[in-house]
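*Asks:* One letter stands for each residue in the lines below.
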Amino acid sequence: MMNLHPIPKGEINMKTQTKSKLKDPGIILVSVLLLVAAIVLIWWPTDSYWLGISMAGWAMFFTYFIWFALAVIYVIWIERLEKQ
Amino acid sequence: MQVMQAIILGIYLLAMTFIGIYFTRRAHSSESDYWTAGKSINTFVGAFALFAAIASSSSLMGAVGSGVALGVPFLFAYGFGAVAILPFTMFLVSGQIRRAGVSTLPEFFKQRFGNSVQIIAVVIVVVGMTFYMVPQLTASGLIGSYVLGIDYTTAVIILGLGFTLYAALGGMWAITYTDLIQGAVMLIGMFILAMIILTQHNGFLSLFEDALAVTPNFGDVTQPWMSYFGLFLAFLWFGIVSPSAVMRNFAARDAKTARRSAMWACLLYLLIFVFGLVVASGGAALGIADTLDNQDMIFVSVIDSYMPPILAGIMFAGLLAAIMSSADAMLLAISAGISRDIYKEYIKKDATEKSVTRLGFLVMVAASIIGIVIALDPPQLIAIMVGWVGGGLLSAFGFPIVLGLWWSRANTAGALAGMLGGAITFLVLVSTEAMALVAEPIIAAPVSLVLMVIVSLVTKEPSPAIQAQVERYHSHIDRPGE
Chain A
127 MMNLHPIPKG EINMKTQTKS KLKDPGIILV SVLLLVAAIV LIWWPTDSYW
177 LGISMAGWAM FFTYFIWFAL AVIYVIWIER LEKQ
Chain B
22 MQVMQAIILG IYLLAMTFIG IYFTRRAHSS ESDYWTAGKS INTFVGAFAL
72 FAAIASSSSL MGAVGSGVAL GVPFLFAYGF GAVAILPFTM FLVSGQIRRA
122 GVSTLPEFFK QRFGNSVQII AVVIVVVGMT FYMVPQLTAS GLIGSYVLGI
172 DYTTAVIILG LGFTLYAALG GMWAITYTDL IQGAVMLIGM FILAMIILTQ
222 HNGFLSLFED ALAVTPNFGD VTQPWMSYFG LFLAFLWFGI VSPSAVMRNF
272 AARDAKTARR SAMWACLLYL LIFVFGLVVA SGGAALGIAD TLDNQDMIFV
322 SVIDSYMPPI LAGIMFAGLL AAIMSSADAM LLAISAGISR DIYKEYIKKD
372 ATEKSVTRLG FLVMVAASII GIVIALDPPQ LIAIMVGWVG GGLLSAFGFP
422 IVLGLWWSRA NTAGALAGML GGAITFLVLV STEAMALVAE PIIAAPVSLV
472 LMVIVSLVTK EPSPAIQAQV ERYHSHIDRP GE
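So the sequences go chain by chain: A and B. For the first sequence, the numbering used here gives the first residue as 127, with consecutive numbering after it. For the second sequence, the numbering used here gives the first residue as 22, with consecutive numbering after it.
Part of the chain A face toward chain B, derived, beta carbon under 10 angstroms:
| hint | residue |
| --- | --- |
| 1 | 154 |
| 2 | 156 |
| 3 | 167 |
| 4 | 173 |
| 5 | 175 |
| 6 | 178 |
| 7 | 180 |
| 8 | 189 |
| 9 | 194 |
| 10 | 200 |
Output of the computed footprint for chain B on chain A, the stretches with three or more beta carbons under 8 angstroms from beta carbons of chain B:
| hint | segment |
| --- | --- |
| 11 | 158-166 |
| 12 | 201-209 |
Hints were generated in silico from the structure; no laboratory data involved. From the three backbone atoms N, C-alpha and C, an ideal C-beta is built for every residue, glycine too.
Extracted from the complex, chain A is given alone in its bound form:
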């Protein structure tokens, strides 16, 4: 069954493509998103307050703007890739 498809060539293609998948803007930006979320959840400063609201809350609030910025970066990035 495997003879139908030349193995070495297929394997090389698969490896190259797997490598390029990791460089996909989506994967890079998901990593950034998860990193930011991890920082917020690990830091979790419940006992410091700003304007009477826990900093853990504010940390989550400020991620809204980061999430939108990541969306803008992705759209511009992909459109540039497509233009090339």
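With chain A's structure known, arrange chain B on it following the hints.
*Replies:* Chain B only, in chain A's frame:
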């Protein structure tokens, strides 16, 4: 009965029904038009449609209510996951699913993993979305009973059947175009309400001071860490695992429009949560949380306390709009699951487009009746029910979708193990109440991931054709300009 609010609500619902009827002819002209609005929705309409479909009643009523009752960090945790829904979906799956050329989630599972996975996915979609109708109907019943002065049961039945009828008549055309109006009403309504609250309290600083003076724990993290984490996870994945939201992606004209729509919809969602902070603070400053029978009513009380009747009427229409658009998108997913993915696929392959569309209509009506019956005595608060749906779908579908798109070694046996293992673990955790509320996916989703990876690796790899297909999902990397 609140006369002014009732009149505005009535006019609004009538207008939406007319729009639904107007688009009926267009919708029935072809099957493709019915399901995805002929793929001709532009960025502007698409952004509002995507925003309105994802911003369900829970985003407004549930989030604001929980922000007052459980402290504002809980509201922030909603947004923490929810504002990230669209970027996360766009980064991980939307382009790839679009290139797969399918228009429902179960169709993708069929293409990638075959019939068995598709059938199980359809069953989970239908059950999940039918249950998801319950919080939408609960919320509409609460608003309706308050505004119309009728009992909750009657309100649920009348409103439920009303918006089901227009959704079923118009398909995606009606839903998408009324979404444009609904998204705008909701956004402008929240903006005006936030401005009124800020003016009455002389700005942010004194608003927070007023809120904290009346509700001292308003700024505190009151729940265990795990609940915030679970809530974040359940919302973050919502765009990927919710069949209704995924379908929106296909309604856009091309990939570029789809991405830009998602980006702008993310901004709209961000704004809603910023306004939500002001509204929740206004609610906390009223000090009414303990006097209400149902915490989900806090938002309704805030509107009633701060807004003049005419604006309150428009605001209630906006709230109902959010509920309607979400419920409609769910009904469409249920209907597509039964009529296209099961009936046309396995039962009657030569079924005409007309008979498939007609069956879809009947399925919508049946699903909404089941939803109405459960909503007459809702099992939990809106926020919790929505959290369950998100967590359940994430546990079942999250990794089969993502690994299916990104890992060519993932195979049918692995997908089946991941999907069933995740869903069963989730159900066991919910029914045994083994974890903090809404924290179930913290365990169930990794179980699904591990099962899918291990079972895929110990069983035969997918055929070269399937592996080549996975590479095609990512063709923009190797073939720019696609």
